[in-house]
Amino acid sequence: MVQVTLLCAIVGLPRCVSAVKIDTNEVVGILKDAIKAKNAVGVWCDARELRLFLAKKDGVWLRDDGDFDKLIQTEGFLDGMEEMRASWELSDPSLFGTGVMLGKKVVHVLVVLPRTMASPLGESITVGGVTIPVTSTMTNSPQAEFWKAFKTIKIPVVADAVITLPGKTLILNQPEFGSCIYIRPCYPQLWDMCRSIFDNEEEICRQLVILGNPGIGKTFFGFLILLYLARDGKTVVYENVHLGWERTLFSGDMVVKGSHTDFSEVLVQPETFYVVDGVRPSLYVAKTILVTSPRAEIWQKFEQGSCEMLFMPVWTPEEIFRCRELLYSSTPVEIVEDRYLKWGGIARYVFLRHAQNLRKQQALDQAIAKADLKMTVSASIESTGAESDVCHRLLHFRVNRESLCHESFDFGSVYIAQRVFATLYKRTRRDLIDFIAASHQFSDVAGQRGILFERLALSMLSQGGSFEVRCLTKEGKDYATGEDEDESKSECVGDDDGDGQPRGV
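In terms of mature numbering (1 follows the signal peptide of the UniProt record, and there is no 0), the sequence shown is residues -19 to -1, 1 to 486.
Keep in mind the hints are simulated off the structure, nothing from the lab.
Hints may be right or wrong, so weigh each one.
Said to hold, decoys possible - Listed next, the in silico DSS-like pairs over lysine-lysine satisfying Cα-Cα at most 25 Å (straight line):
| hint | residue 1 | residue 2 |
| --- | --- | --- |
| 1 | Lys38 | Lys51 |
| 2 | Lys351 | Lys407 |
| 3 | Lys51 | Lys85 |
| 4 | Lys51 | Lys215 |
| 5 | Lys85 | Lys19 |
| 6 | Lys129 | Lys2 |
| 7 | Lys135 | Lys149 |
| 8 | Lys215 | Lys238 |
| 9 | Lys2 | Lys19 |
| 10 | Lys323 | Lys351 |
| 11 | Lys132 | Lys199 |
| 12 | Lys17 | Lys51 |
| 13 | Lys238 | Lys17 |
| 14 | Lys37 | Lys17 |
| 15 | Lys51 | Lys19 |
| 16 | Lys51 | Lys86 |
| 17 | Lys282 | Lys51 |
| 18 | Lys132 | Lys215 |
| 19 | Lys149 | Lys199 |
| 20 | Lys2 | Lys17 |
| 21 | Lys407 | Lys355 |
| 22 | Lys129 | Lys238 |
| 23 | Lys149 | Lys132 |
| 24 | Lys132 | Lys238 |
| 25 | Lys2 | Lys37 |
| 26 | Lys323 | Lys199 |
| 27 | Lys341 | Lys199 |
Unchecked claim - Ranges between beta-carbon positions, derived for each pair:
| hint | residue 1 | residue 2 | range |
| --- | --- | --- | --- |
| 28 | Gly10 | Lys351 | 23 to 33 Å |
| 29 | Gly10 | Gly148 | 33 to 43 Å |
| 30 | Asn121 | Ala(-1) | 24 to 34 Å |
| 31 | Val139 | Cys186 | 26 to 36 Å |
C-beta atoms are modelled at their ideal positions from N, C-alpha and C, and glycine is treated no differently.
Start from the sequences, fold in the hints, and give me the full structure.
Below, the structure is given as structure tokens:
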């Protein structure tokens, strides 16, 4: 008797791969029982209804990676793959028997679920007067209770308050999201602007992008959008980067989960809302709202059409301490204050789950160590990949709080500015000084230049020496005078006190 470990993936459910231990002297029918037992939550049907395929293409096991997640949701990808019958023995050398190399980081078995919605809904569902067929990747969603709660909650949405779901209901049925939404003051304003854009009959716009630094509550604003739409009785198709390659359809009392290619018939209806969080949306007629961090690969192509763009500001100290008081009072005030002085208004690292995680806190110093002058002065909403992650930890969007438009970038905190300056001064001192001297005419880098100039001035003054100074204030009609009408000389000595500040003589 030989026991093997088989990696089994459920088709249509990305990242749903489980390891099943089984003896090779058993048959495929017993393997079905083992798969159902291992996946009791996701597999609701009788084990006999499962269809199992050997996960091989051209004799090679399929690799368990990101491409695999996409592949198992591609229509027709099972064509040419061998389906295993219940009576087949697992010891068969063509399956998993003696001498078969099972490989590493691969999948061995593809599990196809039956059309679980065939009863009681039959072979199709009707949404907005349009009937669409039920695919093998569509299932009744466990998020139904969450949607029902959103439809029935009557709590008004007001700034600095909390909306809590009833009982043990979780947002999207996910423990990581909890059951509460803190209403940032910018949330109602953002939603009002979203509705105004979509309701404008003179300038028809069906795509909207909301950008903001990572970790400031964009995902929870997406949940609030779902709340507004649930109350209004709208049909919504929702995608979220945290939930993998899947979509959820919310319509009336119906909540259906599908793959990232399902519900196209619903998305071509102009009254449907398509809410997308952190992944590149497909282009449809539906009213589309994309909330995302500023990774160009996600939003840029989508934004090239008739699209509006809004920006979410970082948190103010008042918001941070109000939310801590309401929901995170177990996080000590001293820690919140310390984290805010370092990170600025990035809630995720100031008082949420990363505030007391020392490994996560190191991410800021790691980003500072990677800072270079080009990245600092050419910060853009169009940055991509790892560059974007580093850039937007150090630099925060400066957002006009009335129009919610992007004005420029600022260093996230005094701590960040000091540390970035020290890094640049040590690494590329000459280039840094040249930039400060030459960039005074460029308003788009005024924020970074001003702070770097201030740090450079303090650094030079602390070393002592003789400097020309100019008075910037008026005494009635007269300027303060020195050697000439506008300028005088002053001497500074070094920082003998060790406080980093120069002393005038």
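Outcome of the hint check:
Distance restraint check for Lys38 and Lys51: the Cα-Cα separation of roughly 15 Å lies within the 25 Å cut-off, and the hinted pair is therefore satisfied. Pair hint Lys351 plus Lys407 holds up; C-alpha atoms about 13 Å apart against a cutoff of 25 Å. Distance restraint check for Lys51 and Lys85: the Cα-Cα separation of roughly 20 Å lies within the 25 Å cut-off, and the hinted pair is therefore satisfied. The suggested pairing of Lys51 with Lys215 is violated, with an alpha-carbon distance near 29 Å, which exceeds 25 Å.
A distance of roughly 21 Å separates the Cα atoms of Lys85 and Lys19; the hinted pair therefore holds under the 25 Å criterion. Between Lys129 and Lys2 the CA atoms are separated by roughly 39 Å; this puts the pair beyond 25 Å, and the hint is violated. Under the criterion of a C-alpha separation no larger than 25 Å, the hint pairing Lys135 with Lys149 is consistent with the structure, at around 18 Å. A C-alpha spacing of about 17 Å is found between Lys215 and Lys238, which places the hinted pair at or below 25 Å, so the restraint holds.
With a CA separation close to 10 Å, the supplied pair Lys2 and Lys19 stays within the 25 Å bound. For the hint pairing Lys323 with Lys351, the CA-to-CA distance comes to about 17 Å; that is within 25 Å, so the pair holds. Distance check on the hinted pair: Lys132 and Lys199 sit about 21 Å apart at the alpha-carbon level, within 25 Å; holds. Simply put, Lys17 and Lys51 have alpha-carbon atoms about 23 Å apart, close enough for the 25 Å limit, and the pair holds.
Straight-line distance between C-alpha atoms of Lys238 and Lys17 comes to about 19 Å, which keeps the hinted pair within the 25 Å bound. With a CA separation close to 22 Å, the supplied pair Lys37 and Lys17 stays within the 25 Å bound. Restraint check for Lys51 and Lys19: the C-alpha separation of about 23 Å stays at or below 25 Å, so the hint holds. With a C-alpha separation of about 16 Å, the suggested pair Lys51 and Lys86 falls inside the 25 Å cut-off, and the hint holds.
Between the alpha carbons of Lys282 and Lys51 the distance comes to roughly 20 Å, so the proposed pair stays at or under 25 Å and holds. Distance check on the hinted pair: Lys132 and Lys215 sit about 10 Å apart at the alpha-carbon level, within 25 Å; holds. Distance restraint check for Lys149 and Lys199: the Cα-Cα separation of roughly 24 Å lies within the 25 Å cut-off, and the hinted pair is therefore satisfied. At roughly 13 Å between alpha-carbon atoms, Lys2 and Lys17 fall within 25 Å of each other, so this suggested pair holds.
A threshold of 25 Å between alpha carbons decides the hint, and for Lys407 with Lys355 the separation of about 15 Å falls inside it, so the pair holds. With a CA separation close to 15 Å, the supplied pair Lys129 and Lys238 stays within the 25 Å bound. The hinted pair formed by Lys149 and Lys132 meets the criterion: a straight-line CA distance of about 16 Å does not exceed 25 Å. At most 25 Å may separate the alpha-carbon atoms for a hinted pair to count; Lys132 and Lys238 meet this at roughly 18 Å.
At roughly 19 Å between alpha-carbon atoms, Lys2 and Lys37 fall within 25 Å of each other, so this suggested pair holds. Between Lys323 and Lys199 the CA atoms are separated by roughly 21 Å; this keeps the pair inside 25 Å, and the hint holds. A distance of roughly 20 Å separates the Cα atoms of Lys341 and Lys199; the hinted pair therefore holds under the 25 Å criterion. Distance hint check: the CB atoms of Gly10 and Lys351 are about 55 Å apart, inconsistent with the given range 23 to 33 Å.
One distance hint, 33 to 43 Å for the beta-carbon pair Gly10 and Gly148, holds here, with the actual separation near 40 Å. Between Asn121 and Ala(-1) the beta carbon distance is about 26 Å. The supplied range of 24 to 34 Å therefore holds. Checked against the hint of 26 to 36 Å, the C-beta distance between Val139 and Cys186 comes to roughly 27 Å, which is consistent with it.
Comparing the model with each earlier hint shows violations of hints 4, 6 and 28; every other hint is respected.
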